[in-house]
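Please build the complex by placing chains L and E on the supplied structure of chain R, with the hints as guidance.
Listed below are the residues making up each chain.
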Amino acid sequence: MNEKKKLQARDFITIGIFTAILWIVQLVIMYMGYLSPFIVAGYAVMIPIVTGIPMMLYYARIEKFGMLTITSVIVAILLFIFGMGLAGTPITIGAGIGADLIARSGKYKSKVKTVLSYGFFSLWVSASYLPLVITADAYKESLLEGGYDASFIDTLFRIVTTKTYPIIIICCFVSGIIGAFIGKAVAKKNFEKAGIV
Amino acid sequence: MIEIRDVNFHYAGLKQNGLYNINLTIPDGECILLCGASGCGKTTLTRLINGLIPHFFKGKLSGSVMVNSRAIGEQELYDLAQLVGSVFQNPRSQFFSVDTDGEVVFGPENIGLSTQEILKRKESVVTELKLSELMKRSLFDLSGGEKQKIACGSVAALLPEIIILDEPSSNLDWDSIKDLHDIMKHWKSQGKTIIISEHRLWYLKDIIDRAVYMENGRIVKEWKQSEFEHLSEEELAFYELRPVNLEEHYIREFGENAGSEKERTRLSPSTDNLSEEYVHLKDFFFTYTPKNYLFFKKKITPADENICTIRIPSLNVKKEEVIGIIGKNGSGKSTFLRCLCGLEKTCIGYVETDGSSYKGKKLTKICYMVMQDVNHQLFTDSVLSEVLLSMDKPDEKRAEEILKSLDLLEYKDKHPMALSGGQKQRVAIASALAAKAEILLFDEPTSGLDYRHMKEVSQLLKGLATDGRTIFVSTHDPELLAGCCDRIIQITNGRAREIS
Amino acid sequence: METSRKEKKTNGWIHLDPRTKLLILVLFSVVVMIDVVDGPALIIRIIMTFIPVFLVCLEGKIHIGARFTVLYILGMWLQSYTQKHIDGVVGMFLLFLCYMIMQFAPTIIMVWYCISTTRISEFMAAMNRLHTPQGLAISIAVMMRFFPTLGEEYRYVRDAMRMRGIQFGGGKVSRMITYRMIPLLFSTISIGDELSAAAVTRGLGAPTRRTNVCEIGFHKKDFVIAIVMFVLTIFYVYFSLQKGNVIL
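Chains as they are written, first to last, in this note's numbering: chain R, -12 to 184; chain L, 14 to 513; chain E, 56 to 303.
With the rest of the complex left out, here is chain R (with noise of 0.2 Å):
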């Protein structure tokens, strides 16, 4: 549909609409997680499914290179003045290059690299663990004289560690292209049904 190449002010709109979408919605699902431990280590799965409708929609609506990458810079500023530090921010951004390069190496078009590409743009959510991770310490600390429930922070802290890590970072990949996959459904069923895509 796009004959250039560059993005252009037509495209950094939809980019700003699209990732006021993904912030949005992954905020509701971040305050639902202050309800218990679990839904806080379910952020791994579930932020990358519920996004990726509204996501998979985005890849169709661009295809351009940078799109990704800008989102990710938008995304690791916002996480940053949420309180998430420093520490995720080259995973957020990394995360968007390199979706960036698997979906353009598919021209943006090919739907396993899109898939794949997802998969790999969903490992910014991983980010938002590193802070919990690295001061596991003085964070656990806090929250017990903070006068939290200490069998409560044993679930968390268990679910949540250095070593259990990569396995968050899998599941945020895995959920990414279950996340993908739903979202080319849904965008399938309503989208390309409707003729807007």
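No wet-lab data here; the hints were simulated from the structure.
All C-beta atoms in this analysis are idealised placements derived from N, C-alpha and C, irrespective of residue type, glycine included.
Fair warning: there could be bad hints in the mix.
The calculated lysine-lysine pairs, modelled on DSS-like cross-linking and capped at a C-alpha distance of 25 Å, are [as the list claims (entries may be wrong)]:
#	chain 1	residue 1	chain 2	residue 2
1	R	K180	R	K96
2	R	K127	E	K227
3	L	K73	R	K(-8)
4	R	K100	R	K150
5	L	K427	R	K180
Listed below are several chain L residues computed to face chain R (Cβ distance under 8 Å; list not exhaustive) [to be verified]:
#	residue
6	D394
7	Y424
8	H428
9	M430
10	A431
Same frame as chain R, now just chains L and E:
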């Protein structure tokens, strides 16, 4: 001068809205009206001139489009911005800034003019288009008409020679249309070329020099201003155009004199013989800004009348009638409809019909609103499942009957969003019927519709009423009132008054 | 669309430079990042929390400031009460609720303050001075403009769902999500297209350097607020380091 020669165009992947063999020359300073049914190619033609075709919308284009002897296709959109300005249909989606000042200077800032020059332009645009009251405001707090004025200002600040307006009045009330008319008149006096595509014709007759009538992507007829002004009713009906001249009493009802406070009388028709044929609305009081008790909002009572947005102590309407609701934007029409269908939780009003009383949440059981933008109320991936969704127990047979009665049966497996605007509206109606709603509310169902579709809506509303439903319809279109309404209620400052 | 029309100033009385807002936002996020539960650091944290509240009040939104204050105090009280008296699942739930209020409400009020008082052209000007690529600046600016629109659209969808009684998607989570997402995405696409068309016909994307008419610049109040925030942050970090907290 704009010269369009032998143009054919098809949108990529779309069968509709193409253009065939278009030839049109528009000399400098002419004001030209493009009219015709929806989908006749008016909008497509405007896109040829502002460069959105071929730069923004892709498709197959042949022929040449030249402005001042330069081809549009060879100039970049940002260069064209200073030559051709465009005002679009939807006031909500065409601003980039969040504040009015920013929006007026948005164009000049983009093309990198000097600060001094920009401020000079802003000042002159604000005086010329009388925008000073709207400055320093948030765009999200403006009405549709005010937003459209700002859009005009934003375009004018780029000092284009050509201004294109694509159905600019669709979402506006009469006062705003009048303002829009004045702005266009001003542009004309400045010698700008104006191209306007529109369904509402009555406000344009003294501005345009020429009217071009299109059908199925072709130009089939042209009128000079003098001919256009005197088109007979038969001719208009033949071309399926909306009226060029309006009857005197509509101008009174919609125009400036409407709803002066003095005339206001409480509406309570003969309360003595309240038979079963009536629907009674009681205590409809509502405000968006209740007294704050920090956390709790005080529950309003009829005694709070003076702070209320809606203040209708009692209103009785006959069942199986179509009730037209008119009033300026901001008078409370939409708010009244929202209260009536139970969307405003703090509204204390209740509806009595057939001996039962409905209040608050229960109102959603008997009332159903077809929203102005129906896209918000379509949820599923096929027309049939959309109807089934509204039923307590899915009953495919009944759903198909409903669809059949609305001429939608052949589309039952299509995606609702793939349908045309009118069809989407009917899908929304179908789901209301499936939910067994007795009172149907329509929020400006004909804004932006052409003559034929308006007639269709009008017939449809009548039919729904004959089948036993009570219809409330808010509108700015006199043609719709004349076509289907049994009585007209005017809302002014939240109060209702019946107009005979 | 008939909304209640209130006169709303887009520029408050304390009109800070967007870059100052950015700076306090950054400092603030450093503070939010480090958890503390007692000692002088907690006091500093509370002071810093109330700086945006104070700024919001100065914008004339006293009721928002007041509501936040009550909520925050309630949260603190509930937290200490729960720590002492309530155990088990209920206690855990309450603690999390408090944690959410204490942890996120300040950030949200801060972000809300920054976005609602910054005009798009001011933001673009600030980004320009900070040498941010224009594409990124456009994307972020659109995002700022799009949040309220998204809210508006969501309210329409929610109303439509209420009218049909499908807020809970018939008890299925997947439907609860898709019934909200699908209409929202459809309207997002059309808004996006219309917005882009309007923006490009008004010259967005021209290769020339964009002018920014609004005057941005640092004034006394910018320095005062920036210095106050800076000093507080340094003390905060110092005190929490003493307690052994790690900073990232």
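Each hint tested on the structure:
1. Between K180/R and K96/R the alpha-carbon distance is near 18 Å, which keeps this suggested pair within the 25 Å criterion.
2. Between K127/R and K227/E, the direct Cα distance comes to roughly 36 Å. Violation of the 25 Å bound is thereby established for this hinted pair.
3. Between K73/L and K(-8)/R the alpha-carbon distance is near 20 Å, which keeps this suggested pair within the 25 Å criterion.
4. Using a Cα cut-off of 25 Å, the hinted pair K100/R and K150/R is violated, with the two alpha carbons roughly 30 Å apart.
5. In summary, the hint linking K427/L to K180/R is supported, as the alpha carbons are separated by about 8 Å, within the 25 Å threshold.
6. At its closest, the beta carbon of D394/L sits 5 Å from a beta carbon of chain R; the interface hint therefore holds under the 8 Å criterion.
7. Interface restraint check: Y424/L against chain R, minimum CB-CB distance 12 Å, threshold 8 Å, status violated.
8. Given hint, H428/L at the interface with chain R, holds; its Cβ is 4 Å from that chain's nearest Cβ, closer than 8 Å.
9. Among the interface hints, the one on M430/L holds; its C-beta lies about 4 Å from the nearest C-beta in chain R, closer than the 8 Å criterion.
10. With its C-beta approaching chain R no nearer than about 4 Å, A431/L sits inside the 8 Å limit, and its interface hint holds.
Violated hints, listed in ascending order, are 2, 4 and 7; each of the other numbered hints is respected by the structure.
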